[in-house]
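2 protein chains.
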Amino acid sequence: MRIYKKAILPRGFKAFGLSCGIKKSGKPDLALFYSCYPAKAAGLFTTNKIQAAPVLLCRKFLSKKGCFRAIIANSGNANCFTGKKGIEDSLNTAVALADSLGIKKEGVLVSSTGIIARRLPVLRIKSAIPGLIKGLSESKIKEAARAIMTTDTFPKVISARVNLGGRVVTICAVAKGAGMISPNMATLLAFIFTDADLPKSLLEKALREAVAKSFNCITVDGCMSTNDSVIILANGAVKSAAGLKAKEFALFCKALNRVSLELAKLLVRDAEGASKFIEINVSGAKNFTQAKAAALAIANSNLFKTAIYGMNPNFGRIAAAVGSSGADLCQDSLKVRVSPLKKKDIQVRVSLGRGRAQAKIYTCDLTPEYIKVNAEYN
Amino acid sequence: MRIYKKAILPRGFKAFGLSCGIKKSGKPDLALFYSCYPAKAAGLFTTNKIQAAPVLLCRKFLSKKGCFRAIIANSGNANCFTGKKGIEDSLNTAVALADSLGIKKEGVLVSSTGIIARRLPVLRIKSAIPGLIKGLSESKIKEAARAIMTTDTFPKVISARVNLGGRVVTICAVAKGAGMISPNMATLLAFIFTDADLPKSLLEKALREAVAKSFNCITVDGCMSTNDSVIILANGAVKSAAGLKAKEFALFCKALNRVSLELAKLLVRDAEGASKFIEINVSGAKNFTQAKAAALAIANSNLFKTAIYGMNPNFGRIAAAVGSSGADLCQDSLKVRVSPLKKKDIQVRVSLGRGRAQAKIYTCDLTPEYIKVNAEYN
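The listed protein sequences correspond, in order, to chains A and B.
With the numbering used here, letter number 353 in the first sequence gets 357, and the count goes up by one each step, no holes.
With the numbering used here, letter number 351 in the second sequence gets 355, and the count goes up by one each step, no holes.
Quick caveat, the hints were computed from the structure, so don't treat them as lab data.
Check the hints yourself; a few may be wrong.
Copies of the same chain are indistinguishable here, so a pair counts whether it falls within one copy or spans any two.
[To be verified] With a straight-line Cα cutoff of 20 Å, these simulated DMTMM-like cross-link-like pairs (lysine to aspartate or glutamate) come out:
{"id": "1", "residue 1": "LYS348", "residue 2": "GLU380"}
{"id": "2", "residue 1": "LYS146", "residue 2": "GLU380"}
{"id": "3", "residue 1": "LYS69", "residue 2": "GLU110"}
All chains, please: the whole structure from these sequences, using the hints.
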């Protein structure tokens, strides 16, 4: 298996992105990902009880047996908290794209990110669809990745190639992140494409596992989004003659896990206003759930995050955060270690002294720039 | 009942505060509250699993039947995460004060706030005790309130007078707050004094009720402290001839609730870096727990707090926070209202559309100043 920090689009996929006028800035805000062959799909979505219209629509389409051909995603508007009109807007987007591509609307997945509680300008999207389709190319996925960015400062693409029984399959994933990032689930948009040939059930299994170990292990601000979506399309362009064997599936999962984790880390590196990349490793926990809860409590503590920003070795705040997490711990044998604070990459190691389970969470510091970005964002 | 935003010390109480050299700045850092008569006491403490030494000691002393005479409280050092040495330091503080006052050590409650994981300079405290006792006065509670401040910008004192069956009793309370403020429980130090004559059981009941409706309904940064302590001393200097009747107890509780709530609000007004005072009212909930969870989710959302700081009407963030709280809601009938953002006092009203329960939480915005204060605090 090899991982590439660049775009290598799997066979049979094309993409493009452009500006359709949703963002006042005129920056790219509409992306199209297209599979030349019918693809199987799986998706995981936010567990927020307020769910954006595109999330509701994707859930509906994905719950049926079907072939998927395209994902259309916009930034600048989340189409969330927009009521029934919002659902119509997402559906109309899918219908318009499906008509232009000559496919069924149920083959189109719609995704949105941006400001909440504002109607989606569907007319602008519709007008841009012909140009979007015309631009589709095997070499334009970076344009698509750029068009789903909100406060991200760079497009995020990771690829992997893995040999499954003599056939090399490719996985390519794009994501946007930056803010409103808290696991449970992945609080971001991520689209993953592969030419591997998998049945839907295995695709779903692989995605669940990958997300649990990547997008659900990062947090920027502890704020769970209403639009989080991770979608994978597998078009089977690289056929496996006798179906995927267990060993090959394990290899595929390993590659998918790596792609997802690298992408998740990129999201943290590009988090709003972040000046530090922090890896928090909690060990000695009774079980994984408690280890993760303790690591997340540290990661989401504003006091911890500001201390790291200030390069201030105020490690009592780590102990206080762990203590508030509910995880069992032994106050007298609790150990806290932090790597030198002047570096950009910080490691925090905590041992709870209660067992053998551990968990790792990735996060960033809290800076005046985060406040500036979010005080002005609209 | 009357509430006073100033100090009116109940009969038989004295206080004083001074600088003993714990704080590098030379600002006051040691306070003594003294009852001339043996007092009954009740206390509520942090639910953090990391508990500071003084908290552990107070719990121990308060668990026994006993008479209490004094609270000695320092700022600048939390004496937390300091192991067995820390417990000895708090105990030695109690012993030194008890010896100087000629009382039993179990009659002294010790309290600390400030930086975590650093040894308490007990020698400095011991050297200062004679001067501290000498300074005790009925008119010096503000000096004591000043000496427990950390990043607070003003001392916080609230008093109440209430007529219980012809006898006027006084309640006077001081507190420090500013940061690491999140309910569950009160994440701060608050000391309440009264000359009312109550049995310990009623005192405990009254305190629990008052804290639930005040200190447990505020949050600054969602960070639960290791040192939170609310302690009440009742010295019975104003005797109730035939004991407190139910109606009189209710009146006392009402006054105590008001004092606690006013003090809790003062803590939020003086929160680290805060530029706005925010009242969040969630109604239409299935039950109180869910209403409070939803209100807290809003109050602790960095995205909400920065939007208020930026006077940015990004109300989708309120919906997103409520949706992440786990509270039952009806997405289509969820209502969000926010008062004009240019004012200093902001009201947020959310209706979940699921029932009749409601809850109110007080919080503040998140500003670059909060980050500055906490990046540099040590």
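Tested hints:
Taking CA atoms no more than 20 Å apart as the test, LYS348 paired with GLU380 passes between copies only; the shortest distance there is 18 Å, against 26 Å inside one copy. Taking the shortest Cα distances, LYS146 and GLU380 never come within 20 Å of each other, neither inside one copy (27 Å) nor across copies (40 Å). Taking the shortest Cα distances, LYS69 and GLU110 sit within 20 Å of each other inside one copy (10 Å), while across copies they are farther apart (72 Å).
The structure fails hint 2 only (numbered hints given earlier).
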